[in-house]
Amino acid sequence: EAGVTQSPTHLIKTRGQQATLRCSPISGHTSVYWYQQALGLGLQFLLWYDEGEERNRGNFPPRFSGRQFPNYSSELNVNALELEDSALYLCASSRDRARYSDTQYFGPGTRLTVL
Amino acid sequence: AQSVTQLDSQVPVFEEAPVELRCNYSSSVSVYLFWYVQYPNQGLQLLLKYLSGSTLVKGINGFEAEFNKSQTSFHLRKPSVHISDTAEYFCAVSGQGSSNTGKLIFGQGTTLQVKP
Chain A
1 EAGVTQSPTH LIKTRGQQAT LRCSPISGHT SVYWYQQALG LGLQFLLWYD
51 EGEERNRGNF PPRFSGRQFP NYSSELNVNA LELEDSALYL CASSRDRARY
101 SDTQYFGPGT RLTVL
Chain B
1 AQSVTQLDSQ VPVFEEAPVE LRCNYSSSVS VYLFWYVQYP NQGLQLLLKY
51 LSGSTLVKGI NGFEAEFNKS QTSFHLRKPS VHISDTAEYF CAVSGQGSSN
101 TGKLIFGQGT TLQVKP
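The listed protein sequences derive, respectively, from chains A and B.
For the first sequence, the residue numbers in our numbering are 1 to 115.
For the second sequence, the residue numbers in our numbering are 1 to 116.
Note that these hints are calculated values from the structure, not bench results.
Computed from a predicted model, the values in this text were never measured in an experiment.
Every residue gets a Cβ at the ideal spot worked out from N, C-alpha and C, and that includes glycine.
Careful, some of the hints might be misleading.
[As the list claims (entries may be wrong)] Selected chain B positions facing chain A (in silico; Cβ < 7 Å):
1. S28
2. Y32
3. Y39
4. T101
Please model the entire structure based on the sequences and the hints provided.
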């Protein structure tokens with residue numbers, strides 16, 4: 001069974017530009033989660049999508065947004081990039097959003113560098 | 001509010017020695033707890049999880065963890081480490097309540113450095 005996949009692996013942008021990151025969940029999983037892992041800040045929850053709807057978001061400004069497609073894949077968009085947006089962005093998926101106990105499985109991440 | 005504290009930022013240990021990585025959590029509701037490992041330049045891999053039942057949980061790669069409700073702890077242990085266990089380890093609690101729904105709340109991570 002294929003795991004969570006993310007693209008691109010690396011992304012280099014300049015300040016003020018927009019970045020688009022993509023994620024494909026494990027087959028059969030309907031929930032997709034995004035996390036930011038910035039140096040010194042640990043793993044921070046960004047967004048949660050399920051059945052095409054945004055279900056929850058973390059403490060991030062509105063320039064962080066995303067969507068989930070009918071095939072459950074997801075895209076994270078970061079507008080007006082700032083230097084502090086440089087981080088590893090991790091996507092995870094899970095099978096059943098109704099259960100707090102449901103395990104989240106992570107992809108390899110996209111390394112975003114803002115110059 | 002829910003939170004996770006990993007008590008050691010770095011743990012150096014010699015190969016074949018035992019190791020314990022400490023994790024304490026804070027939650028006013030019943031908890032679901034997880035340990036993940038992150039190898040250099042990779043994503044997170046699930047090591048083990050506690051949902052309910054036996055307080056001793058066994059995971060992959062010889063790791064195990066013990067859930068202690070009275071001490072609000074979920075420490076990770078391995079009786080004999082290998083060089084290949086060198087990685088960063090994250091303890092997490094499954095968020096509950098309207099503002100935390102869907103998210104994992106992570107500790108700051110512990111870097112395990114296994115020396116030959």
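Hint check results:
The restraint placing B:S28 at the interface with chain A is violated, with a minimum CB-CB distance near 14 Å, outside the 7 Å limit. At a threshold of 7 Å, the smallest CB-CB gap from B:Y32 to chain A is about 5 Å, leaving the interface hint in force. Given the 7 Å rule on beta carbons, the hint for B:Y39 is violated: about 10 Å separates it from the nearest Cβ of chain A. Because the beta carbon of B:T101 sits about 5 Å from the nearest beta carbon in chain A, less than 7 Å, this interface hint is met.
Of the hints listed earlier, those the structure fails to meet are numbers 1 and 3, in rising order.
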